[in-house]
Amino acid sequence: MNTLRLLAIICFLSAITGCQQEYDGDVGGASVQNNLDFGNYNAEGARLYGQQCAGCHGVEGNGTEIGTPLVACATCSSISVLAQEISLTMPIGRNAEASDCVGQCANDVAEYIMYAFNGLSLYQATTSLDGVSALPLTSTLRNATVQLAGRLPTDAETNQVINEGEAGFNSVMARVMNEDEFYVRLTEIFNDVFLTDKYLRVNQFNGALNLLDSDDFPNKNWYDSAYPNVEGEEPEQQAQDDINDDNRGCANIFANDAVAREGLELINYIVRNNRPITELVTADYTMVNWYSQKVYDAELVNPEATFAELSDAEAPCEAYYSGYSDATLRHDPYDFKPAKINRQLEHTTAIPHAGILTSAMFLNRFPTTNTNRNRHRSYIVYDKFLDTDILEIEGSRPEDAIDTSSANPTLDNPACYTCHTVMDPVASAFQHWNDRGRRIPSTLNASSWSSNGISTAGLAGKILPIERGNSQFETMLQWLGNEISQDPRFMRAITRHLYNGIIGQDLLNAPGDNADADTVTAYNAQRGILSNIGKAMAADNWNVKTAITGLLLSPYYRANTVDTKKVAAADHIGSSRLLSPEMLQRKLKATLGFDWYELRENDQDNRIMFGGIDSDSVIDRIHEPSGLMVAMQERMAVEMACRATAFDFTKTRTPETNERRLFKFVSPDVQPFDADGFEIPSNIIAIKKNIQYLHSALLGENLELSSPEIDATYQLFLSTWQLGNTMLANPDDYEPEPSTYLEWTCRALWDRENNDQGLEDEARIYRDENYVIRSWMSVMTYLLSDYRYIYE
Amino acid sequence: MKRRDFIQILAATGMTASLPLTVSKAHAAAPDHFLVIVNAGGGWDPTSLCDPKGNLGQYASERPDARHDGSINSVAINTETKRNPVSGMTWSDTPRINNNDTTTSRVDGQFQNFFTTYHDKLTVINGIDNGTNNHNTGNRATWSGSLEMGYPSLAALFAASKNPSLPMAYISNGGYDFTASLVSRARASSAGFIDRLADPNSDRYHYRNEDQSTDIYSQIKQAQAQRLARQKSNESLPLRRQQLNQLFTVRQEDNDLAKLSEEKALIEAVKPTNDHMNNREQGFKRQASLVAAAFKSGVAASANISTGGFDTHGNHDNSQYQSLGDLLEGIAYLQEALEVAGIADKTTVVIGSDFGRTPYYNSGNGKDHWPVTSVMVMHPTGSGKGGKVFGASTDKFRSQKLNLTTGQPDENGQLLTPAHVNLALRKELGIHNNTFAVRYPLHVDDFEAFS
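In the order they appear, the protein sequences are chains A and B. No gaps in the numbering here: position 81 of the first sequence is 81 in the numbering used here, and each next residue is one more. No gaps in the numbering here: position 337 of the second sequence is 337 in the numbering used here, and each next residue is one more.
Rather than coming from a laboratory, the hints here were simulated on the basis of the structure. All C-beta atoms, glycine included, are put in the ideal place defined by N, C-alpha and C. Keep in mind that the hints are not guaranteed to be accurate.
What the hints assert, rightly or not - Computed footprint of chain B on chain A, listed as stretches where at least three residues anywhere in the stretch have a Cβ under 8 Å from a Cβ of chain B: (1) 605-619; (2) 637-650.
Unchecked claim - Derived lysine-lysine pairs resembling DSSO-like cross-links, with alpha carbons at most 30 Å apart: (3) A:Lys-566 <-> B:Lys-232; (4) A:Lys-689 <-> B:Lys-232; (5) A:Lys-589 <-> B:Lys-346; (6) A:Lys-651 <-> A:Lys-664.
Required output: the full structure, derived from the provided sequences and hints.
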């Protein structure tokens, strides 16, 4: 849609709403009012209906002489279908320009009609899409727990969903979203947005601490003086020196990473405590752990609070890096608490926190220069918090994009100020923060800010009171954060980030002028459902968990089949996606109990090759596998099958206790044939039953025992077993000579789930004399490289 | 598994009818032409490289506060040693960098070596108006020809046109690499690990005898292929069907990663990646040797090599020239690697950036964003092309209307834009009529940049 048309639509909407505000850069075509009713019906739709529709269809939707009833109307099957009908045909007659009720306008009206006259509940509005069938809720539960909590659902959880349906699902997910592992995933989702993990130790030495100014934070390297080198040759002195060395190195890393993560930990804190996600831009605190509190000399919001300390068995430094075995530090580096930097810094008496907006990590990750004047930060604010791509406003540029004749092109030249009118007020709001993210109020000589040639601070046509000395002037990012939190686009922005994270796709782009009807329908449907999920979140005190549950129950996550006669543009429906390195690691841990060495955090290059990001120069994840990635997947399958198979057989399996993850129904002596070549039916059933279980546990595929897929997997087991036994019976015929011993790495000598500690001698498995273990290794390799394993 | 074996398996299971279009024999062939995109990330300064303007105080009146008396460059144009008398190709002289003779001399040598050695295969295109000062948009415009989102990069189009199912058809280590799903990107960031990927069962966890007549892993692969074919034909959700098709296509190709490792070792034996550069970062060279090896071994058709250090808002001379010197040395290394691999006569290298930098220095001695830029194209050895400058910016480093044929200033001509450059490149690479390229048309007239 070109800019002129957008402007025309927005002007039209402004006219019919009596809205006085200026164009605010909302290029998504949505309504621009600031007073959305987040209840269970669409207030904007109701208002539009009253103005444009009620005259013909009646206030109650019962129809009039000139308009059909809307109660159970022909196109009232879903919001998307109705919105499409409105887009194409409504309103008729009386107001020619009203045919522009498309996009969000049509969607709002459709939502209202469905709620008011067709009894559509919010749940239905967000969970159904005509023509799309959903996966069973138990399958959705499995996918959700693997993705969000890095584990399979328990039997009790599955039963709760079976017995209680959606209510049970919501209940289980509410618990899942209190688990620590969920916050690992949440951190990933929002790091893809804010990219501040660039500053973690694994990516840069002191990447975060180096961004803090020493004059503001003279104790930022507090660990150097807290744990100094100890001179002397005495054993006690040397022992203390070793302790200090490890404490110093460990505290350095934990302090750096806590500072790097302060923005993402703020999100975790908000979500964990069911606080409104608007605090992302309004919180008057930041987040610190024990190590970073000392960096900032920050005050805990709750002065009575204390940081958790771990036991010797959980020693955090050694857990991070085995070389820190002498460290005595025990404070939990993952225990973050809200705190304020409430003391005199070089140029300011305190930090007036405004959520992530005032984090030095955010400000450095999206930097500015003296000549850029925070405009890049403004672009980022619009993109990340207001769901608006300022660059889309570019419209038509003049032939020569350079203007050196105007005194202030961004204020005077129409080709420039169309965009700058939107961008510059937000840029101005960052004027107290310099290019390094340091607070230097613009009124001070030390500040390089000049108000010449740039608009005063504001947002969406609203101007910040500019008098110096005015408290809002001093704290204009807090003012900006508050304005953002009340802007309806903030809801869309958060919902979009969650959609990207949970569904694994970008939202559909707004259809262009010449888009076909199917594309428009798909766009309307997605926008409608996402809008309702966002409203549900806002109505629930902006609780992110509500939006996540909504997304998990939406057709975009649960789609199983699509009737393409009803939904023609359907390539975006469904949440199946190639696993990122982090997701694959989590899935391996969930299903096998341990992950792949090659993708652990210290091997960033391998992660990037596997489609991951480094939050620095590589920030786009790869969603379509290259041959290189497929080769990595295949390597992973072989290596993990080798390590997991014999190891699982070391776990207890008795009639009373079954600790196996993989081979719950068989032991290594369960062979399909006896020594004389006769089938052993009970063994074959046990083997197939275990295969059935593996298809379910590893692939989320629930198959009947008689399924051809079970048989195909069994045939692989059988062919490996037969070939293996043939080789073992005739070892001289083969070079190298086959052995009853497993390959070294595949032997069960180490506890894979506990840092590869050596297993007790009696538990160890060296040999596979009947080739059963290696037959299961074949099966495991086959399943771990399956589409359903490497996609989720 | 060999592709023919795979087809046989499918034939045995009745699945050949479901083979995707991408499995035609033409596509299975190794590419006969390769493309490398070199991206100078952050916005380079053409006036410090291939479009110098000298220290003539061009902006003295308009920018009285500008450093260096409002000059575009801090050094004069050196027509003695920095200009080719035949083509008129001119490159920047070197200002004093970091007040250090060694550094200045190193950068000067990098420039001199590049332009004198490769002048004859180089087309420099000057005076391109990118129409934006934004990094994302500029990058997109330079490498796709479109300011709007949704157009694939030139290198993605090229790889899709040559053979999208190669294991690493399009190597991208950053820069604009949107593919519009025409081809998968491969990030070849861990060269050492690639060596181990050639054979997933290289450690013989699954038994395989010496002559490979008994190979349990091949049984697993066969079962995998059959299962994937079944999944593909049974899947009803369009998204999953599309993913299965992609996986199916990629898996059926021969994996020549072992050959890649061999070729890379051969190249680096002749041209070590850690040569000279005086302790500067060698990442570009490591990328270059891997790209050359991937082309040679037939697993890739195109590549993005991206390098940074060009967004010099402060201390321009000290940073920009060193980054440019490293860039030129890296490209020279790439050419040498391509020569060693014997494919320099089949490889086109295109070098560009997000946009240009201001024709005056700011108060921090830096240069900010400016929409006028240049692109350099290195033609395949022996193509007979090169030694040419096409297009021109004004004396004040502005864009101007240019003659479509000569590239010279012409009031009746047109502004030269990334769309024009990309159209000319598509034609030069022979992909402009390809079905993929046709899907992303560039509605502009022809500039005959390479005729």
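A quick look at each hint next to the structure:
Using a Cβ-Cβ cut-off of 8 Å, 7 residues of the segment 605-619 of chain A lie near chain B, which meets the minimum of three, so the contact claim holds. Evaluation of the coverage hint for the segment 637-650 of chain A: fulfilled, as 5 residues show C-beta separations to chain B shorter than 8 Å, against a requirement of three. Of the supplied pair hints, the one linking Lys-566 of chain A and Lys-232 of chain B holds, its CA atoms being roughly 22 Å apart against a limit of 30 Å. Our distance criterion of 30 Å between C-alpha atoms is met by Lys-689 of chain A and Lys-232 of chain B, whose separation comes to about 25 Å.
Distance check on the hinted pair: Lys-589 of chain A and Lys-346 of chain B sit about 46 Å apart at the alpha-carbon level, beyond 30 Å; violated. The suggested pairing of Lys-651 of chain A with Lys-664 of chain A holds, with an alpha-carbon distance near 10 Å, which does not exceed 30 Å.
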